[in-house]
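Build out the structure end to end from the sequences listed, making use of the hints.
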Amino acid sequence: GENVEQHPSTLSVQEGDSAVIKCTYSDSASNYFPWYKQELGKRPQLIIDIRSNVGEKKDQRIAVTLNKTAKHFSLHITETQPEDSAVYFCAASDQTGANNLFFGTGTRLTVIP
Amino acid sequence: GAVVSQHPSWVICKSGTSVKIECRSLDFQATTMFWYRQFPKQSLMLMATSNEGSKATYEQGVEKDKFLINHASLTLSTLTVTSAHPEDSSFYICSAFDWEVTDTQYFGPGTRLTVL
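Top to bottom, those sequences are chains A and B.
So that you can map any letter, position 75 of the first sequence is 106 in our numbering, and since no number is skipped, the others follow by simple counting.
So that you can map any letter, position 111 of the second sequence is 119 in our numbering, and since no number is skipped, the others follow by simple counting.
Honestly, the hints are just simulated from the structure, not real lab data.
Please note: incorrect hints may appear among the correct ones.
Facing chain A, a subset of chain B residues (Cβ under 10 Å, in silico) [as the list claims (entries may be wrong)]:
(1) PRO16
(2) PHE36
(3) LYS49
(4) GLN50
(5) LEU54
(6) TYR66
(7) GLU67
(8) GLN68
(9) SER103
(10) ASP111
(11) GLY116
(12) GLY118
(13) THR122
Listed below are the simulated DSS-like cross-link pairs for lysine-lysine, each with C-alpha atoms no more than 25 Å apart in a straight line [claimed, not checked]:
(14) LYS73(A) - LYS28(B)
(15) LYS49(B) - LYS68(A)
(16) LYS72(B) - LYS28(B)
Derived CB-CB ranges, DEER-like [claimed, not checked]:
(17) GLY86(A) - SER17(B): 35 to 45 Å
(18) SER81(B) - PRO113(A): 36 to 46 Å
(19) THR109(A) - GLN50(B): 21 to 31 Å
(20) ASP111(B) - GLU36(A): 17 to 27 Å
(21) GLN45(A) - LEU82(B): 24 to 34 Å
(22) SER59(A) - LYS22(B): 39 to 49 Å
(23) GLU87(A) - TRP18(B): 33 to 43 Å
Computed from a predicted model, the values in this text were never measured in an experiment.
Here a beta-carbon is modelled for each residue, glycine too, at the ideal position from N, C-alpha and C.
What follows is the structure in structure tokens.
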């Protein structure tokens, strides 16, 4: 099955700075890559996703880039705010659409006021 | 957006008992639902894929007889942890796949199971 690696495991940034989280995947057939934000004890919330037919997607302060050749994708958060502090998970799907998601190990982001 | 509920939100049971967790898609039909397990400060591990009207597909290493999954309708999937033991204590999260509108998975709020 799919193997997703995520780095770094922890990340601390000053408020207003940018944060970048990187993931790699193993299955070249994967074509859907969502990012989830999870606060302590709560459900993962989809914050942005990208499909293999595009290389970059942006939604306000959040952007995701995808390099299918290298099999890696990244989450970029600009102008970070304290409320961005949470655990972020990348995932990859081994089928068309959002079926069978395989998650990275997570990145705990702390935004220091 | 799409809403997925999960019940109960937490449960404490004695070793050897069985526990049923329900996952419902409230405003969309989900032919496919997924069950994940999450240990503290760890990632979500896919346990099984639940397909309406057919048998669930289990990931390698997940015991089918221990984690019984039923997906009897387009809006409900259940996970039953049979003969629970302390090592089964975990956070169980379901998700439902909205293939009709958004082609996206939506997660339930999770169920924290503690087996004494």
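Hint check results:
Of the supplied interface hints, the one on PRO16(B) is violated, with its beta-carbon coming no nearer than about 14 Å to a beta-carbon of chain A, more than 10 Å. Because the closest C-beta pair between PHE36(B) and chain A is about 13 Å apart, greater than 10 Å, the hint is violated. Because the beta carbon of LYS49(B) sits about 8 Å from the nearest beta carbon in chain A, less than 10 Å, this interface hint is met. The restraint placing GLN50(B) at the interface with chain A holds, with a minimum CB-CB distance near 7 Å, inside the 10 Å limit.
Using the Cβ-Cβ criterion of 10 Å, the hint placing LEU54(B) at the interface with chain A is satisfied: the shortest such distance is roughly 7 Å. Hint status for TYR66(B) relative to chain A: violated, with the closest Cβ pair at about 12 Å, above 10 Å. A hinted interface residue such as GLU67(B) counts as satisfied when its beta carbon comes closer than 10 Å to some beta carbon of chain A; here the least separation is about 8 Å, so the hint holds. Because the closest C-beta pair between GLN68(B) and chain A is about 8 Å apart, less than 10 Å, the hint holds.
Annotation: interface hint on SER103(B) holds; nearest CB of chain A at approximately 8 Å, less than 10 Å. Below 10 Å, beta-carbon pairs count as interface contacts, and ASP111(B) has one with chain A at about 5 Å; its hint therefore holds. At its closest, the beta carbon of GLY116(B) sits 6 Å from a beta carbon of chain A; the interface hint therefore holds under the 10 Å criterion. The closest approach between the C-beta of GLY118(B) and any C-beta of chain A is roughly 6 Å, which is under the 10 Å cut-off, so the hint is satisfied.
The beta carbon of THR122(B) comes no nearer than 14 Å to any beta carbon in chain A, farther than 10 Å, and the hint placing it at the interface is violated. Only pairs whose Cα atoms come within 25 Å are accepted, and LYS73(A) paired with LYS28(B) is accepted, the gap being roughly 20 Å. For the proposed pair LYS49(B) and LYS68(A), the alpha carbon gap of about 13 Å is at most 25 Å, so the pair holds. Proximity of LYS72(B) to LYS28(B) is assessed by CA-CA distance (about 15 Å); at most 25 Å being required, the pair is judged to hold.
Take GLY86(A) and SER17(B): their Cβ atoms lie about 40 Å apart, and the range 35 to 45 Å holds. At roughly 42 Å, the beta carbons of SER81(B) and PRO113(A) sit within the given window of 36 to 46 Å. At roughly 28 Å, the beta-carbon separation of THR109(A) and GLN50(B) lies within the given 21 to 31 Å, and the hint holds. A hinted range of 17 to 27 Å holds for the C-beta pair ASP111(B) and GLU36(A), which are about 25 Å apart.
Separated by about 47 Å at the C-beta atoms, GLN45(A) and LEU82(B) break the suggested range of 24 to 34 Å. A hinted range of 39 to 49 Å holds for the C-beta pair SER59(A) and LYS22(B), which are about 47 Å apart. Between GLU87(A) and TRP18(B), the C-beta spacing of about 40 Å keeps the proposed range 33 to 43 Å intact.
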